[in-house]
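Sequences are here, hints too, so could you generate the full structure?
As given, the protein sequences belong to chains Z and G, one line each in that order.
Using the numbering used here, read the first sequence as starting at 1 and increasing by one per residue.
Using the numbering used here, read the second sequence as starting at 167 and increasing by one per residue.
These are computed hints drawn from the structure, not numbers from a lab.
A portion of the hints provided could be inaccurate.
Claimed, not checked - Cβ-Cβ distance ranges computed for the label pairs, FRET-style: (1) G:Gln230 with Z:Lys147: 24 to 34 Å; (2) G:Ala390 with Z:Ile102: 48 to 58 Å; (3) Z:Lys147 with G:Asn168: 52 to 62 Å.
To be verified - In silico lysine-lysine, BS3-like type, Cα no more than 30 Å apart, as pairs: (4) G:Lys395 with Z:Lys2; (5) Z:Lys147 with G:Lys651; (6) G:Lys407 with Z:Lys2; (7) Z:Lys120 with G:Lys407.
We treat Cβ as the ideally placed atom computed from N, Cα and C, and that holds for glycine.
Okay, here's what each chain looks like letter by letter:
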Amino acid sequence: MKVVRLAAQFIVIAALFAGVAALSDWPSYGQIPRDTGVVMLTFVHGADRKGECRRLTPEEIAKLPPNMRRVQDCPRGRRAIYVELDVDGRPVYQASLPPTGIAGDGPSKVYQRFVLPAGKHDVAVRMRDTARAEGFDHERSERVELKPDQMLVVDYRPESGSFVFR
Amino acid sequence: MNAIRKVLRAGFELIERPFDRLFSPALNPLAQLGALGFFFFWIVAVSGIYLFIFFDTGIERAYQSVEYISREQWFHAGVMRSFHRYASDLMVVMVVVHLLREFSLDHYRGVRWFSWFTGLPIIWLLYASGITGYWLVWDKLAQFVALVSSELLDWLPIFGEPIARNFVATGTLTSRFFSLMVFMHVAVPLFLLFIMWVHILRISRPKVNPPRTLALLSLAALLAVSIWKPALSQGPADLAKVPDGVGLDWFYLPLYPLTELWGNGKVWAFLGAFSLMIALMPWLPPLRKAKAAEIDLDHCNGCARCAEDCPYEAIRMVGRTDKLPFPTQAEVNASLCVSCGICVGSCPSSTPFRRSVELKTGIDLPEYALRELRERVMDTASNLSGPGRVLVLACEHGAAAGRLGDTVVMPCVAMAPPSLIDFILSRDLADGVVVAGCAESACYNRLGVQWTEQRFAAQRDPYLRARVPRERIATVWASALAVGKAEAAISEFAVRVAAMPPKRLRSPFPESLATRPAKTLETEKGAT
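Below is the structure:
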């Protein structure tokens, strides 16, 4: 009788554990629909400073504490970066990206995902990171073939000053 | 809040009572949730140490070493991996059900706020431990977890460069990342263990180990499930691809799909609101607190039984402050006392036979003194009539709490000293006594049922004296929702008592004293 009771207890516990084990990887979850891929626009880049550096006069330098004397006064704050992304000639993203940091002197950053059907697409990206009011400082457009589940990253390389598709 | 608690309690009752029958109240897994949580933690820790012997840190090597563990060494390391995974999941289940059950039992307010409150960081740390573990495997699921977790973290305005950028393209991730994750996966569970210790600090006799039979059954079941469905990886991570169609661990990652549906900000808002609600619940509304137990040093000999029996660590023994010749005396920490009265029942001075002008005991409840309990018993008994006069001593949280007429209700049945039963039967106040408390596996004051049974069985001081006829005592352990069961048991006992021959009372005094005319009850009552 004791063995039967133990067996029943084991069966109940094992059934509960089996339920837990089943839910540990089922049902599966799909992040994006079938036959689609992702274009990811992401980069971190600091735009120009808001103003030009100004040479301090000797009087101004003399007024500064000795340990903080400098020749130039440069504004800390950076400009916002303006970015546009077009897919197949259609604008999908347009944003002015403010600089990060409490003083607004950090780089701007973007991290945006766009789910697109698999296949060929014309992708164009443009960025303005200077004081100019019109036009763009950096741009690139390319025809890409997006495979199902592919992650196409549109990145900006500050060292080369150009966009890369990878 | 009360309505939610009642619905939950009813739900638990539906499962707990059949489990009580199958496992016995002592082995009922639902009464061992905290202990099982600790048990699964140790399984996770031991299996994790074992797996670490085979685990290799590195972008390629991490996945390969886990595959080696799961495929080629499946019979030991693979089984250990399954133990590691499923015991972690079971720990989440234990924590969640434990939280819901304690809520349903109203075990989260008053002095219990501390354990409830410290349970919150346990939830956070448990999830952090599990999630960092999933990164280490570096399969498709790990990539998904890494991406969504870092996107969630990036939403917070504390990181300069988005962390998620490390997981969207090849070439950005280095092997050092895995060393960092291993460190996190060891450090966070260690901190979790520390908080688990803090969680039970204010509990007397915390259950941190399940009964051996239950532990062995759980281990055997875990082994069976690990062989039936071994934990496996889901293909290597590929940063050039979206980790799509991943088998999610719904115990650890249920919120991850919500980041897509709601967005990261709303998920954080949900987590913040949930945490705030859990943290504030003990005061929504606060529990009305009865006055704490008080020590009467003239009647305390420092025997320490009250400190021994208190379920809340509210009593400690300190050096004697009066001139009585005892080394210690009891001291009550009012902020920990719930006024359950278990200490009153444990005190050897708590005897209703005492003939002092005013019945006093070593430790008593200011709002429900032993004197008042004896008076209520005598008043209630005076209303009993018929052949089977049964007096019910009921716990206010149990099934008999709502009875009228023949019932004396108290905060916990363990408040009644065993000598009270002797008093009732030897003074012929009733023909039988029913002690009706909470369900055995869900005692409101944790140890009331256990202590009462042990005192009656002469296994715990103060004993129920041998001269007390056991056939005239019945214990009914039933929750507040099992009124029918309790009523049936009480009625059946009353019928049995009615059929018994008249009591043959034996005097506790020597023959010479016993022949002396005894005081009438009325006289004594008047004296008190």
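Now the hints, each set against the structure:
no., hint, result
1, G:Gln230 with Z:Lys147: 24 to 34 Å, "25 Å, holds"
2, G:Ala390 with Z:Ile102: 48 to 58 Å, "57 Å, holds"
3, Z:Lys147 with G:Asn168: 52 to 62 Å, "57 Å, holds"
4, G:Lys395 with Z:Lys2, "29 Å, holds"
5, Z:Lys147 with G:Lys651, "66 Å, violated"
6, G:Lys407 with Z:Lys2, "55 Å, violated"
7, Z:Lys120 with G:Lys407, "17 Å, holds"
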